[in-house]
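Starting from the given sequences, assemble the full structure and let the hints guide the process.
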Amino acid sequence: MISICHVNINSITKHKVELLARFSNYDVISVNETNLKSERPFSLLGYNIFRNDRVGKPGGGVLLAVKEHIKCREIINKTSHKNEIIAVQIETLLYKTILISSIYVAPTAKIDMNIFEELYNINNNCIIVGDLNATLSEMGSTKTNARGKQLQQLLNEGIIDCVDDDSTTFEKNEYEAKLDWILGSQPLLSFITNVEAHPTIGTINGHKPLTFDIQIGAEPKPTSPRLSLNFKAAKWTKFRSKLDQQLMLWNNDTRLNAALNIEEHSTFITNSIMLATQEAVPTSTPTSKSYALSEASKSLITMKHQTYRRWKRTGDNIDKRQYYNSKILLTNSLRNDRRDNINKLMSSLCHKKMFSDKVWLTVRKFHCKRIKQTFTSSMTYNNTTATSDKEKADLFADYFENDVYSYTDDTLAFHDQVTSQANNLKNERITSLNTPKWKQITIEEVKYHIKQLRNSSAGPDNIHNRCLKNSSELLIQHLTKLFNQILKQRYIPTKWKTANIILILKPKKDKQHPSSYRPISLLSCLGKLLEKIIKQRLMLELERRNILPEHQAGFRPGKSTIYNILRLERYAQNQLRCARRHSAVILFDIKAAFDSVWHDGLVYKLNDLRLPKYIINYLTSFLKDRTASIEIENVLSRQFNLKSGTPQGSPLSPLLYIIYTADSMNDIPTHTEHGLFADDTALWTSSNTMTYLSSRLQQSVDA
1 MISICHVNIN SITKHKVELL ARFSNYDVIS VNETNLKSER PFSLLGYNIF
51 RNDRVGKPGG GVLLAVKEHI KCREIINKTS HKNEIIAVQI ETLLYKTILI
101 SSIYVAPTAK IDMNIFEELY NINNNCIIVG DLNATLSEMG STKTNARGKQ
151 LQQLLNEGII DCVDDDSTTF EKNEYEAKLD WILGSQPLLS FITNVEAHPT
201 IGTINGHKPL TFDIQIGAEP KPTSPRLSLN FKAAKWTKFR SKLDQQLMLW
251 NNDTRLNAAL NIEEHSTFIT NSIMLATQEA VPTSTPTSKS YALSEASKSL
301 ITMKHQTYRR WKRTGDNIDK RQYYNSKILL TNSLRNDRRD NINKLMSSLC
351 HKKMFSDKVW LTVRKFHCKR IKQTFTSSMT YNNTTATSDK EKADLFADYF
401 ENDVYSYTDD TLAFHDQVTS QANNLKNERI TSLNTPKWKQ ITIEEVKYHI
451 KQLRNSSAGP DNIHNRCLKN SSELLIQHLT KLFNQILKQR YIPTKWKTAN
501 IILILKPKKD KQHPSSYRPI SLLSCLGKLL EKIIKQRLML ELERRNILPE
551 HQAGFRPGKS TIYNILRLER YAQNQLRCAR RHSAVILFDI KAAFDSVWHD
601 GLVYKLNDLR LPKYIINYLT SFLKDRTASI EIENVLSRQF NLKSGTPQGS
651 PLSPLLYIIY TADSMNDIPT HTEHGLFADD TALWTSSNTM TYLSSRLQQS
701 VDA
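Numbering (full-length UniProt numbering), first residue to last: 1 to 703.
If you're looking for bench data, these hints aren't it; they were derived computationally from the structure.
Hints may be right or wrong, so weigh each one.
Stated by the list, open to error - Restraint-style ranges between C-beta atoms, simulated for each label pair:
hint, residue 1, residue 2, range
1, 376, 224, 32 to 42 Å
2, 14, 263, 51 to 61 Å
3, 414, 390, 36 to 46 Å
4, 566, 245, 49 to 59 Å
Since the model is a prediction, treat every value here as computed from it, not as a measurement.
Even for Gly, the Cβ is constructed at its ideal location relative to N, Cα and C.
Structure follows, in structure tokens:
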């Protein structure tokens with residue numbers, strides 16, 4: 001069964017709390033007059049959001065919220081003759097798919113009859129809900145208006161029918177009318193049951209929420225390639241016991257003196273952890289996410305519905321006053337719930353370290369930075385159009401392989417020199433004579449870095465950091481041995497260089513273009529553990545030899561964005577106070593900075609800096625033969641090669657980028673200063689005249 005709620009809410013942000021409090025158990029929520037601005041993120045707990053926001057004028061907008069576990073995709077998102085439409089296709093168990101559409105027709109507009117024909121032609125199993133601002137005297141309203149005549153004409157054509165229910169959906173003072181409609185095609189319309197109009201949302205009169213059920217089951221999404229585990233119910237003693245039992249099966253006489261042996265040992269460790277995880281850590285079962293309410297608010301919601309039904313049944317003024325009082329009490333109670341939740345949150349933050357992960361996670365929630373990603377109905381790249389999730393994932397794979405992580409030959413002689421030297425380093429044979437000496441990774445070192453691990457997402461191997469943090473002494477011994485052999489043999493297991501890439505829409509970018517998305521690589525946690533160890537060793541070497549640029553503040557201990565902001569502020573103040581000179585700054589954000597790193601160029605620079613040979617060898621293997629797949633709605637694309645760039649998600653990537661661009665500011669004029677934070681660059685200078693100031697900045701940009 002698919003349960004659906006529709007309401008014209010006139011500002012969803014204003015009434016979001018009550019909407020979730022009363023209707024979060026419905027599978028699909030249709031909202032008209034959302035009043036959302038296109039640049040503003042919006043989320044509803046437990047739902048995927050599909051929205052069509054009004055552009056230019058305030059007000060309007062339509063939205064469909066579909067439960068996260070339901071397999072669906074956007075089909076239509078457009079506005080035609082002031083008819084705002086959003087349509088989503090849901091896969092079902094009985095029919096192959098059904099189309100659910102939300103439509104809002106402004107009071108000043110006519111119904112666009114072609115829209116209904118278009119929806120029917122896309123899928124003749126369709127349900128259409130919305131505020132059409134159409135009234136029919138034979139369907140609960142006092143009169144038939146112009147849009148009502150259009151609706152009657154549409155119904156007479158026989159393609160689309162309406163639910164036989166004359167309940168009014170709008171009330172204002174003593175006036176009531178049916179403005180919101182449930183339309184659909186046959187035989188799907190005959191599966192609709194339990195149609196009900198509910199008391200309005202908020203304290204003022206207006207549109208009543210409509211709810212109904214479709215007696216057809218929805219198809220769940222494919223199982224995620226990543227395991228979802230319930231760590232709160234984990235039995236860690238049992239986990240460690242099972243893990244040790246598995247690890248003891250390894251033949252300690254096996255010599256890890258070849259790539260095949262390293263692959264075998266890493267696979268053995270991975271399988272051992274997974275077997276222990278399966279036995280001691282239960283998987284998370286999808287639960288219905290609902291908005292947390294106080295008992296007072298729950299009681300008042302029940303009271304609001306009861307008093308409303310009593311008033312409609314009796315028509316008594318006393319019952320009417322009780323209903324209106326319950327509306328006010330519920331609104332106040334929900335406001336108090338929200339205030340209490342914020343106070344609890346602020347109180348909990350007082351006990352957490354400032355700048356800790358939990359603090360910034362809270363900040364991102366307030367700014368809606370981690371909203372569940374949805375994609376447009378179709379995407380096009382290189383004259384190829386993708387509509388299904390699999391097609392979209394493969395289309396993104398084509399885009400990233402050809403346009404982002406691609407490699408283009410250069411004709412410069414220096415380019416050939418760099419490539420030749422990098423190839424020599426990559427192909428250098430391992431002998432007892434050229435095996436570099438280094439301080440081997442210790443058990444204490446591995447333990448230290450395991451303790452520092454964040455509870456981040458698992459990679460393709462499904463190993464979670466929480467499992468590593470609760471591991472046994474025997475696992476740490478195995479990892480230490482494996483890590484040292486990886487450094488000795490200059491070989492990283494293939495699975496550690498494979499990523500599942502999830503996509504994050506960049507702010508204010510067009511959802512239809514593949515270039516509008518930022519790739520985030522989900523990598524093996526075992527591989528990232530070794531990367532953290534190498535990163536710390538590399539950073540100590542760079543700091544000891546003072547190799548990194550002085551004004552590079554990105555991802556360096558003791559420095560942050562504030563460092564260069566203060567430098568710029570002091571510079572501008574000194575120039576104005578002491579020399580009466582104007583100051584100006586120009587800011588750069590390099591497009592796809594991490595993704596465009598030239599592998600051979602980075603290897604060349606690492607060698608040119610005379611870094612420890614074992615680190616160069618490890619990083620050469622780290623960059624070589626990397627692959628990835630795009631993940632969209634739990635569906636993976638084909639695997640493709642990464643011929644350039646460093647994976648966003650790897651602990652090493654920011655530091656490698658800083659090394660790669662360390663000499664980028666060497667040629668700027670002495671009259672210009674600079675500040676860096678990873679790939680963000682600022683140049684500033686001063687002059688007596690604005691004209692010369694602009695010229696100085698341009699000279700620095702061209703350098």
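Consistency of the hints with the structure:
no.: 1; hint: 376 - 224: 32 to 42 Å; in the structure: violated, 22 Å
no.: 2; hint: 14 - 263: 51 to 61 Å; in the structure: holds, 57 Å
no.: 3; hint: 414 - 390: 36 to 46 Å; in the structure: holds, 43 Å
no.: 4; hint: 566 - 245: 49 to 59 Å; in the structure: holds, 56 Å
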